[in-house]
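**Q** Each chain, letter by letter, is given below.
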Amino acid sequence: MKVPVEEGYFRISPEGSPVLLGSYSPAAKTYFWPRRKRCPISMEAVEDCELSTRGEIYSWTFVVAPWLGSMEKAAGGGFGACQVDLPEGVRIQAPLEGSMGDWTIGQPVELVTRTVGEDEQHNELCTIAFRLLGAAS
Amino acid sequence: MNRDVFVIGVGMHRFGKHDISRRDMAFTAGMEAFADAGVSFADIGTLYTGYIGGNMLEGVGFAKDFGLTGLPVIHVENASATGSTAFREAALAVSGGACDVAMALGFDGQLRNMAAAGGPRRPSMESNLLPAAFFAFWAVRRMHDCGTTVETFAKIAAKNWNHARFNRYAERQADKEITPEQVLAAPMVAYPHTAMMACGAGAGAAAAIVATREVAERLANGRPLVQVLASQMQSERYQPGHVFLGAIVGPSESTRITANLAYEEAGLGPRELDLVHVHDAFPIEELMYYELLGICAEGEGDGLVAEGATTIGGRIPFSTDGGLIGRGHPGGPTGLAQIWDVTQQLRGESGVRQVEGARTGLAHMMGAGSVCVVHILQRV
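Residue numbers (my numbering), protein chains in the order written: chain A, 1 to 137; chain B, 1 to 380.
For the record, the hints were derived by calculation from the structure and aren't laboratory data. Each hint should be verified, as a subset may be incorrect.
Unchecked claim - If the Cβ cut is set under 7 Å, some of the chain A residues that face chain B in the computed set are:
1. M1
2. V3
3. P34
4. P40
5. M43
6. A45
7. W60
8. T61
9. F62
10. A65
11. N123
12. E124
Just so you know, even glycine gets a beta-carbon here, dropped at the ideal spot from N, CA and C.
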C-alpha cells in the first residue's frame with residue numbers, strides 16, 4: 001500500500017493518486033500549500049482545502065544527483081525537477097518525470113506519486129512528483 | 001544607528017577544503033582581527049559567534065582560547081546569513097549602547113558529502129529537492145523571460161574565479177585565468193549550472209570588530225575610518241507564486257525590499273556604491289541582484305556582464321574577493337568575509353584587487369529559511 005513519506009502534505013486517494021492538502025484564506029482570498037496555521041497575509045484563520053492536481057510548468061531543471069533516499073544516480077545521471085503553478089495560484093516544486101529535452105515552460109503537467117522507500121510494515125513510502133499531461137507512467 | 005558604529009578590525013582564516021579544526025581557524029581569524037584593530041580580547045564588550053556546524057558549546061568554548069574576561073558570548077545561527085547576522089548584532093550592540101566594542105566571529109568546517117555523512121538523505125518532504133535545483137529554477141525562468149544565455153552565467157562565474165585568484169584567503173585560487181569556456185565545460189550540477197558555477201563549500205573563519213566613533217578615532221593610527229551606515233534584515237513577505245516548501249531563500253523580491261531599507265537608512269542610493277558583495281551561490285543570483293539592488297534596470301543585468309561593468313576595473317565591481325563562487329561559502333563566516341573585503345577595499349588595502357577610489361560598499365547575504373541581510377559601509 002502507498003503511504004505519504006510525511007503526513008500533512010498530501011493524501012493518497014483510494015485509486016492511488018496523490019491529493020494536495022492546502023489552506024484557503026477567506027480574508028485574503030488566497031490559497032496556500034502546504035497547509036498554514038494562519039494566513040500569512042491577513043494573519044486571520046484559514047480553512048483546510050484540497051488543491052488541483054494539474055498545473056503548468058513555471059520553471060524546470062535537471063539535477064545531476066542521486067534521487068531522494070538513494071546513493072545512486074538514476075538512469076540518465078539524475079532527475080528532472082520543476083516549479084508548477086496550479087490554477088489556485090499556488091506554486092509547488094517537486095521532481096519531474098521524463099528526460100532532459102522533454103520539458104518547456106508552460107507545459108501542462110499532472111501530479112503523481114513517486115516511491116522513495118519502504119516503512120517497517122512494508123508500505124511504499126511516497127513523495128509527490130509531476131509528469132507531463134498524457135505521458136505514459 | 002543610535003550611535004555611529006565603525007569597523008575597527010577584520011581578520012580571516014583561508015577558506016578551503018582542509019582538515020584544520022574550526023577552533024584553530026576561529027582563533028587565527030580572531031587574533032588577526034585584534035591585531036588589525038589594535039585591541040585585545042580584554043577590550044571586547046560582547047562577542048557574537050556564528051556557526052552552523054559543530055555543537056552548541058563551540059562558540060563560548062572557542063572564546064576561551066582568547067581569554068576569560070566574563071564578557072557575554074552569544075551564538076548566532078541564520079543559515080548562510082549567519083556571519084552577516086552576527087555582524088549586525090555586534091553593530092547593534094554598539095549602536096544601542098550595550099558596549100563600546102563588539103566582535104563577530106564566524107567559523108565552520110567543510111560540508112561533508114552524503115557518503116561521509118553516513119548515507120543518503122533521509123526522505124522527507126522538505127528534502128524532496130536539492131538546493132541546487134532552486135537556483136536552477138531561477139536561471140531557466142530567466143532564460144525564458146529575458147533571453148539570458150548560459151554564456152552570461154559562465155562569464156559571471158569566470159569573473160568571480162578570477163577575482164579569487166588574487167585573494168590569499170580564497171578557497172579557489174586558480175594558477176591561470178579561468179575562461180567562460182572552462183566554466184561551461186565543467187560537469188553539470190543542475191541545468192544550466194555547472195560545477196564551476198556552484199559556490200565553494202569548504203571550511204573557514206572570519207572576524208570583524210566594531211566600535212564607537214570615539215574608540216575608532218583613538219585607534220585609527222592614520223588609517224581611514226570605515227563606518228557602518230546601514231544594517232538591515234528582513235524575513236520573507238508574501239509574494240505571488242510564493243514557494244513555502246523547499247524554497248531555500250524565498251522570493252527574490254526580499255533583496256529589493258531589504259536594499260531599499262538600507263539605502264534609506266544610509267541616506268544614499270545604488271549609484272553611490274563603489275563595490276558590491278552578494279550571495280552569489282550560483283551566477284543567476286548575482287545577475288538578478290544587479291537589478292534587485294537597483295544597480296541597473298530590470299532586464300539590463302545581462303548588458304552589465306557583457307560590458308564587464310562588474311569586474312574589478314569596471315564601473316561597479318561585484319564579488320571583489322571572488323564571492324561565494326571563488327572565495328567560498330562556509331555558512332558561519334561568509335558574511336564576515338564580505339565585511340573583511342569591503343573594509344579593506346574602503347581603506348585602500350586590497351592590493352591588485354583594489355577598486356580605485358572605493359568609498360562606499362554594500363554587502364548582501366541571503367540565509368535559507370529565509371532572511372536577507374544588507375550592510376552599507378563607507379570610508380569617512
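**Q** Look at each hint and say if it fits the structure.
**A** Outcome of the hint check:
| no. | hint | in the structure |
| --- | --- | --- |
| 1 | M1 | violated, 17 Å |
| 2 | V3 | violated, 12 Å |
| 3 | P34 | holds, 6 Å |
| 4 | P40 | holds, 5 Å |
| 5 | M43 | violated, 11 Å |
| 6 | A45 | violated, 16 Å |
| 7 | W60 | holds, 6 Å |
| 8 | T61 | holds, 4 Å |
| 9 | F62 | holds, 5 Å |
| 10 | A65 | holds, 6 Å |
| 11 | N123 | violated, 13 Å |
| 12 | E124 | violated, 12 Å |
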